[in-house]
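Please model the entire structure based on the sequences and the hints provided.
Protein sequence lines correspond, in order, to chains A and B. Numbering of the first sequence is given in the numbering used here, commencing with residue 121 and proceeding in unit increments. Numbering of the second sequence is given in the numbering used here, commencing with residue 9 and proceeding in unit increments.
Everything labelled a hint here was simulated from the structure, so no lab data went into it. These figures come from a predicted structure and were not determined experimentally. Incorrect hints may have been included.
To give a feel for the contact side, a few chain B residues facing chain A, derived at Cβ under 8 Å [stated by the list, open to error]:
| no. | residue |
| --- | --- |
| 1 | Thr-233 |
| 2 | Leu-246 |
| 3 | Lys-257 |
| 4 | Ser-270 |
| 5 | Ser-339 |
| 6 | Leu-342 |
| 7 | Ile-346 |
Don't be surprised by glycine CBs; every beta carbon is placed ideally from N, CA and C.
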Amino acid sequence: MKLLLVEDEKELTSSICKYLIRERYLIDSVSTYNEGRERILLFDYDCAIIDITLPGGSGLGLISLIKEKYLNTGIIIISARNSLKDKIIGLETGSDDYLTKPFFLSELNARIKSILRRRNFAGNKEIIVDEIKITLNDSQIHIYDKPLNLTRKEYELLLYFTANLNRVITKESIAEHLWGDSVDAADSFDFIYTHIKNLRKKIMDLGGKDHIHTLYGMGYKFITE
Amino acid sequence: MKLLTKTNLYYTLFALIIFIIGGFAFFFIIQSEIYEEIDEALVSRKEVILKQSGIKGEGYLHELAKSDDIRIIKTNQKSELSSGFSDTLIFRPGERDGEQFRCLTFKANLSGTIYKIEILRSATDSDSLIDGIVLSASIIFFLLLGGGAVLNYFISKKVWKPFYGVLDIIKDYRPGGKPIAELPKSSISEFSNLNQVIDRLVEKVESDFVNLKQFTENASHEIQTPLAIIKTKSELLLQREELDQETVKEIVSINEAATRLSKLNQALLQLMKIDNRQYQESEAIDLSALLEKKLQRLNELIEMKNIKLKTNIDKNVFINMNLSLAEILLSNLLNNSIKHNIFGGDLMINLIPNELSIKNSGEALNIEPEKLFDRFVKESTSNESIGLGLSLVKQICETYNFTVSYNYKFSIHELKINF
Numbered sequence: 121m122k123l124l125l126v127e128d129e130k131e132l133t134s135s136i137c138k139y140l141i142r143e144r145y146l147i148d149s150v151s152t153y154n155e156g157r158e159r160i161l162l163f164d165y166d167c168a169i170i171d172i173t174l175p176g177g178s179g180l181g182l183i184s185l186i187k188e189k190y191l192n193t194g195i196i197i198i199s200a201r202n203s204l205k206d207k208i209i210g211l212e213t214g215s216d217d218y219l220t221k222p223f224f225l226s227e228l229n230a231r232i233k234s235i236l237r238r239r240n241f242a243g244n245k246e247i248i249v250d251e252i253k254i255t256l257n258d259s260q261i262h263i264y265d266k267p268l269n270l271t272r273k274e275y276e277l278l279l280y281f282t283a284n285l286n287r288v289i290t291k292e293s294i295a296e297h298l299w300g301d302s303v304d305a306a307d308s309f310d311f312i313y314t315h316i317k318n319l320r321k322k323i324m325d326l327g328g329k330d331h332i333h334t335l336y337g338m339g340y341k342f343i344t345e
Numbered sequence: 009m010k011l012l013t014k015t016n017l018y019y020t021l022f023a024l025i026i027f028i029i030g031g032f033a034f035f036f037i038i039q040s041e042i043y044e045e046i047d048e049a050l051v052s053r054k055e056v057i058l059k060q061s062g063i064k065g066e067g068y069l070h071e072l073a074k075s076d077d078i079r080i081i082k083t084n085q086k087s088e089l090s091s092g093f094s095d096t097l098i099f100r101p102g103e104r105d106g107e108q109f110r111c112l113t114f115k116a117n118l119s120g121t122i123y124k125i126e127i128l129r130s131a132t133d134s135d136s137l138i139d140g141i142v143l144s145a146s147i148i149f150f151l152l153l154g155g156g157a158v159l160n161y162f163i164s165k166k167v168w169k170p171f172y173g174v175l176d177i178i179k180d181y182r183p184g185g186k187p188i189a190e191l192p193k194s195s196i197s198e199f200s201n202l203n204q205v206i207d208r209l210v211e212k213v214e215s216d217f218v219n220l221k222q223f224t225e226n227a228s229h230e231i232q233t234p235l236a237i238i239k240t241k242s243e244l245l246l247q248r249e250e251l252d253q254e255t256v257k258e259i260v261s262i263n264e265a266a267t268r269l270s271k272l273n274q275a276l277l278q279l280m281k282i283d284n285r286q287y288q289e290s291e292a293i294d295l296s297a298l299l300e301k302k303l304q305r306l307n308e309l310i311e312m313k314n315i316k317l318k319t320n321i322d323k324n325v326f327i328n329m330n331l332s333l334a335e336i337l338l339s340n341l342l343n344n345s346i347k348h349n350i351f352g353g354d355l356m357i358n359l360i361p362n363e364l365s366i367k368n369s370g371e372a373l374n375i376e377p378e379k380l381f382d383r384f385v386k387e388s389t390s391n392e393s394i395g396l397g398l399s400l401v402k403q404i405c406e407t408y409n410f411t412v413s414y415n416y417k418f419s420i421h422e423l424k425i426n427f
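Next up, the structure:
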């Protein structure tokens, strides 16, 4: 998979690259509009992660350029602008997703994977993690070919985990991923514990392994062999 | 009070004083003129009498004494006799009011006999004159008053017209809103000066406003980038295998603090944008549907806290406002009622046309209720609370002239908004 990252903040670029390196993507990272334009004209990418405010021009221009050239590229905007208007403009220009800074790397990773899956028509839409098989088209999960019934939130949680295998995921990022802005109504993130516990139990009831490890005070980790 | 009414009032008061003073002065001047005239006439008559009596003798005096306006008294007391002018009232039979007379007393020496002679002349003419003066002065006064009012009306219609035009235009002016229309031209130098000053002022306000808006927005967005770096770096740090428990805790704290700072920053930006009236576009919003949608999203959090939710939401309650602001308003109200609710508490939501009421169980406030809507006032020790939620609610309500009120009774907090 080939990714393009256009972000002018060097440190943010380095963080993103460091996190994504384990996913075995090929990442081109550039920091200005013109560099971005050059890359887009030279290569086709599976996914582009683009900041809106760039030296030399607007990221929206790059998005239009990508859309003109290679329709199949998935696009994620990463921007500090949080207003509804900015989001609508971004999505209308042709981006698939809009992530507001600051964001969790685990969230970015999950969104990239989701876009790649959606864009990749040829590939079979299945995620296989050890004994767990997730069929995305119909949201079915099987453990050792036995069907696993999950609630909507548990299913989303499992997908989030499988996107970030063997990584530390904070409670906060899980809460934000599952509940978005509604998380402001909660007075702590402890409420996600119930969901984690149920998911873990359901997997293990069907003979699955104990994948979800609690890291005290930190979050969770989905461990695979 | 209108400027013209005010000037009119002063003008009338001034005119009244002038007319009273002027009337008196007029009266006294005219009266003294008349008396002078009468006195002159009396003196010349006196000379005629003295001259004639010298020629014709006593018989002439007797003849004279028959007329009404002359009295002749024979006297011997030389010394007591005073001569000169005096005023006297004479009552004629059948008349109630005495008649004002001017009287000249003098003596005549006719072959050793001294006569005291009083000649009279009516001064009544001057009384009616005074009446005339008062009447005509009053007529002039009221004519001026009425004329002034009519004149002022036309002046305000015509001369002040460009001024009121300017006033109408700048009344609706909002920085960052629609540019102001061209100010009506006027040949009056004060008004054309005023127009120039307003044009300059508006230009300055506009550029300052744009600068400030851009600055705050840019500053706010610039803050988000370093926060993004802090968050991603701390997240990367957490991925390391060799961390001990203490370090992990510190890193998680750093990460959470960065999130809070970012939320605070966003809330402040929203407050500023509402202050600057940057949420201009408004549309008819189906508040009922929006409320239901928000509640649905929060449903799980409500259940997890075992909160008993009772809703009474009228269908199709529409309200004209900005969509973003409506979302912020409802989110903050609902989040508040859940966050500060107690485990197993109640949440009652009522929406009828023109009123939204949200009631939730909860501990009594530690702060005075009036301060509830102030910025950075927190009613709980919850770390996650940034203390701007209700300020945003208040600000939005003020923008649309909604009234928001708070009530606490029997362990139930109630926030009510009237549209």
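ask   = Looking back at the hints listed earlier, which ones does the structure fail to meet?
value = Hints that this structure does not satisfy do not exist here, as all of them hold.
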